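Trainee: The chain contents come next:
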Amino acid sequence: MESTNFIWDLMGKNLWSVVAVISLPLIFVLIYALVAILAELKVSAWIQERLGPMRTGPWGILQPIAEVIKLLQKEDITPTAASKILFNLAPYVIFTGAYAAFAVIPFSEAYAPANINVGLFYIFAVGSFSAIGIVMGGWASNNKYSLMGAMRSVSQVISYEIPAAVAVLAVVVLTSSMNMMEISRMQEGGFWNWYIFGGPGGWTKIFMIPFTLTLAIIYFIASLAETNRLPFDIPEGESELVAGFHTEYSGMKFAMFFFAEYANMFVVAAVVTTIFLGGWTSPFGSFLAGAGWGAFWFILKSMFVVFLQIWIRWTLPRFRVDQLMYIGWKVLLPISLVCFIAISFFSLLNLG
Amino acid sequence: MTEIKRYDLEYSQLDSDRMRINVGPQHPSTHGVLRLEVEVDGEIVTEVVPHLGYLHRSFEKHCEKMTFPQIIPYIDRMDYISAMNNEWPYVMALEKMLDVKVPEKVEFIRVIVAELNRLANHQIAVATFGMDAGAFTPFLYYFRDRESIIWILERLSGARLLYNYFRVGGMAADIYPGFKEDCLEVVKKVRKTNEEIMDLLIHNNIFIKRTANVGVLTPEVAINFACSGPVLRGSGVKFDLRKDEPYSVYDRFDFDVPVGVGEVGVVGDCWNRNMVRMKEMEQSCRIIEQALEMMPEEGDVTGGVPRRIKPPKGEMYIRTENPKGELGFYLVTNGTDKPERLKARGPSFVNLSVIPEISKGYMFADLILILGSIDIVLGEVDR
Amino acid sequence: MSSYLKNVWAGFYTAVKGMMITSRHMFKKSVTIQYPDEKFDLPANARNKLVLDMSRCNACTACAIACPVNCITVEGVRVSPEDPHQEVHADGKPRKVWVTRYEMDLAKCCFCGLCQAACPSDAIKHTQDFEYSAYNKESLYFKYQILTPEQSAEKVRLLAEFKEKEAAAKAAAAEKAATEGKPVAPKKAAPKADEASEQ
Ligand code: SF4
Ligand code: SF4
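So the sequences go chain by chain: A, B and C. Going by the working numbering, 261 is the number at position 261 of the first sequence; the sequence numbering is gapless. Going by the working numbering, 537 is the number at position 185 of the second sequence; the sequence numbering is gapless. Going by the working numbering, 912 is the number at position 177 of the third sequence; the sequence numbering is gapless.
Be aware that a few hints might be false.
[Stated by the list, open to error] Subject to a maximum C-alpha distance of 16 Å in a straight line, what follows is the list of computed EDC-like cross-link-like pairs (lysine to aspartate or glutamate):
id, chain 1, residue 1, chain 2, residue 2
1, A, Lys-144, B, Glu-391
2, C, Lys-774, B, Glu-499
3, B, Lys-695, B, Glu-412
4, C, Lys-763, A, Glu-49
5, B, Lys-541, B, Glu-499
Keep in mind the hints are simulated off the structure, nothing from the lab. These numbers were taken from a predicted model, which means no experiment stands behind them.
Input sequences plus hints: build the corresponding full structure.
Mentor: Structure (structure tokens):
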């Protein structure tokens with residue numbers, strides 16, 4: 001099996017290369033988060049016919065850095081009545097959960113930090129980690145708004161993991177692999193081989209396109225809920241719960257929540273990219289394909305999904321708790337199950 | 353076969369406390385400094401107690417120490433979102449007491465500025481309502497349009513928000529050349545944006561699901577609580593002082609009084625209250641267009657203002673249709689140049705009193721929406 | 736079932752429709768401006784910072800009376816005809832009253848425009864300048880002074896002297912009249928001067 005990590009090839013397996021492998025995604029997360037924050041500011045500004053930040057650097061591109069510096073300078077308040085250990089631990093737990101998921105993301109043909117065989121499963125496992133962090137933060141703050149936010153968040157994450165998992169499972173049925181690298185490789189050869197368009201196969205795969213497309217949308221919607229983005233941001237629900245579970249946080253701990261949210265956004269975007277949008281494969285067959293271009297395509301596609309999330313956030317109103325549950329259990333789950341069964345059936349007939 | 357076991361939960365034995373939450377006075381969506389003491393059972397609201405007075409400025413007592421023209425700036429600060437509409441009943445009351453005849457042109461200017469201000473008020477109401485529901489973008493689209501309304505009013509009166517434009521028997525200043533074109537432009541803009549917001553927000557399925565069938569205010573309750581304005585009309589009661597008790601020149605215009613008809617929910621829910629505001633904007637546009645057409649070119653706007661305002665001893669109650677409801681001023685004079693007593697009947701205050709009645713049994717998130725759909729402004733609630 | 740599907744479809748369709756609307760706005764020109772660099776034009780009658788033209792003011796106190804928040808304090812003293820320092824008013828007439836004190840507390844002012852409307856000589860005016868915020872209230876307390884306190888005291892003294900003289904002259908005249916048996920017509924100027932100095 002050829003190597004899936006260029007750092008191993010270059011440096012061999014030693015302590016330094018391990019550090020390099022671990023820290024590369026971290027550097028990526030930090031840079032990406034800054035870009036995503038800027039993107040959120042700027043996209044929201046364009047949608048609302050505003051200029052957005054313009055003062056820090058040309059067209060305000062240094063704004064996220066300024067914001068991070070501002071947050072670093074802020075007083076780090078721990079409420080007296082808070083449960084100190086849990087309160088201080090919560091942001092790190094959430095960030096760890098988000099960061100751990102980066103371990104299996106195949107950025108390119110030649111780079112996935114850890115190319116394990118149960119990559120998708122692993123992502124779901126560490127994805128639920130953030131729920132624990134949110135509950136810790138919400139409960140430990142000793143604030144009623146935080147507590148309500150935390151409670152809402154748990155029920156939300158738990159119920160939306162199921163449709164998301166079913167949607168992913170359908171692709172797993174088609175690929176018979178949970179290795180994200182494998183899944184990406186299977187979609188090589190142009191955008192019509194992506195699983196959003198039914199995956200590779202003969203003309204008979206047209207019957208599968210409606211189902212895979214629906215599953216992609218379902219996974220995307222569920223991922224919005226998992227990352228607590230509007231229209232599913234009820235754990236933070238600004239107009240109801242002030243700031244939800246992070247009401248009491250300030251300074252660097254708040255920044256951690258912030259980073260974790262954006263990191264989580266990228267994780268789900270990466271999953272959508274990998275399993276539905278072809279991962280690092282080029283949309284034009286062998287044109288612009290290769291290890292370097294792979295990373296380019298992967299990040300481009302993921303950023304497009306992140307952009308979609310931002311776009312939706314600034315368009316739609318927010319759901320209510322019970323409606324959220326309704327959508328999760330009564331809309332997304334049945335539809336995804338129907339699609340799952342249909343796809344299993346097709347793959348049984350070897351249509352795909 | 354094993355015996356079927358039944359699990360009967362004794363709910364009374366479960367320890368489920370109700371939680372008391374303090375919403376406000378510092379909360380993102382209490383529209384000012386309103387404080388709501390909310391008791392929730394999980395997410396369900398079981399009790400709401402509004403606490404007022406964080407913005408109390410003793411308006412009524414203060415007025416007893418002020419001469420009549422000096423009161424007008426204070427009235428602006430009651431409902432600062434629709435200041436033009438606020439000033440109107442007050443100057444009308446004084447005009448009635450002094451027996452001042454208001455020139456024709458002044459009446460038309462008053463109608464136009466009041467309707468422009470009604471547009472601005474409803475835009476804010478719908479926009480903040482959408483923001484309560486989580487949609488931030490329509491809010492800014494409305495504020496962009498409101499800017500052009502404010503620009504007209506600023507050019508007329510000199511101030512952006514607290515106009516102090518009405519005078520007893522006239523206006524502070526005449527209209528500027530090009531006023532008509534500006535108004536028509538605004539009307540066009542408002543219509544265009546409303547069309548867009550209809551698609552973007554009002555008919556969005558999430559928004560409908562959030563607001564329809566929520567906070568249902570039946571006509572009986574609405575009348576018993578003396579609600580007025582879009583809150584009352586949203587419940588299907590066709591009552592608009594501009595039609596039912598036409599003051600000024602409102603009897604000359606052709607406009608409808610929109611009421612809630614329950615397109616998507618039941619009559620009297622949040623969606624219908626909001627929809628009434630949307631429809632009223634269209635009616636205001638119609639009134640503005642007609643008034644611009646009918647307004648006489650000539651006329652002395654500032655000349656009729658009496659130098660000393662000293663109404664005879666007596667009392668007077670005048671009510672007009674504010675964007676938020678019925679605004680009345682009860683004026684008692686004692687023959688000097690200061691009022692003996694000035695009582696304001698603010699629509700926000702009266703409409704707010706219905707909150708505990710209609711928000712019980714809904715979810716906590718709904719409470720915020722119900723509050724938003726009532727469209728209060730705390731400057732007027734606390735005065 | 737059909738209503739369920741319709742509902743799901745409506746949710747999806749209206750969301751996409753909303754996204755189409757917002758995407759259209761993405762490419763429109765922004766309406767906000769870079770504030771300190773660019774500014775909106777304010778109308779000529781904008782009611783912002785108040786300025787006083789001392790050469791026009793004649794301490795009539797109309798503005799102070801009209802103001803609802805009492806943020807204007809005016810004091811004046813009548814110009815004594817014997818004052819060596821006479822001045823011509825901005826409207827071409829000789830100055831009748833010295834403004835010994837004119838103070839404006841713009842921290843209190845509510846920009847209602849009533850003082851501007853009340854002023855008979857267009858001395859107090861709103862300007863378009865709205866950028867004068869300050870860190871402490873004292874710097875919003877404007878004192879318009881053309882006379883130093885000593886000068887003011889001097890003017891008061893001059894007027895008092897003049898009045899004394901006048902009174903003496905009047906008394907002399909009255910005495911004269913009494914001796915001649917003629918009634919004296921009451922003078923009008925004296926009470927007016929009193930009024931002005933009291934304010
Ligand atoms: S603008 Fe109004 S508040 Fe300000 S000084 Fe003039 S009268 Fe007083
Ligand atoms: S009203 Fe005009 S002239 Fe009279 S005191 Fe005031 S500023 Fe001076």
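Trainee: Does each hint fit the structure? Answer for all of them.
Mentor: Verification of the supplied hints:
This hinted pair checks out: A:Lys-144 and B:Glu-391 have alpha carbons roughly 12 Å apart, not beyond 16 Å. About 14 Å separates the Cα atoms of C:Lys-774 and B:Glu-499, which keeps this hinted pair within 16 Å; it holds. Straight-line distance between C-alpha atoms of B:Lys-695 and B:Glu-412 comes to about 6 Å, which keeps the hinted pair within the 16 Å bound. With a C-alpha separation of about 7 Å, the suggested pairing of C:Lys-763 with A:Glu-49 holds against the 16 Å cut-off.
For the hint linking B:Lys-541 to B:Glu-499, the alpha-carbon distance of about 11 Å falls within 16 Å, and the restraint holds.
The earlier numbered hints are all upheld by this structure, with none contradicted.
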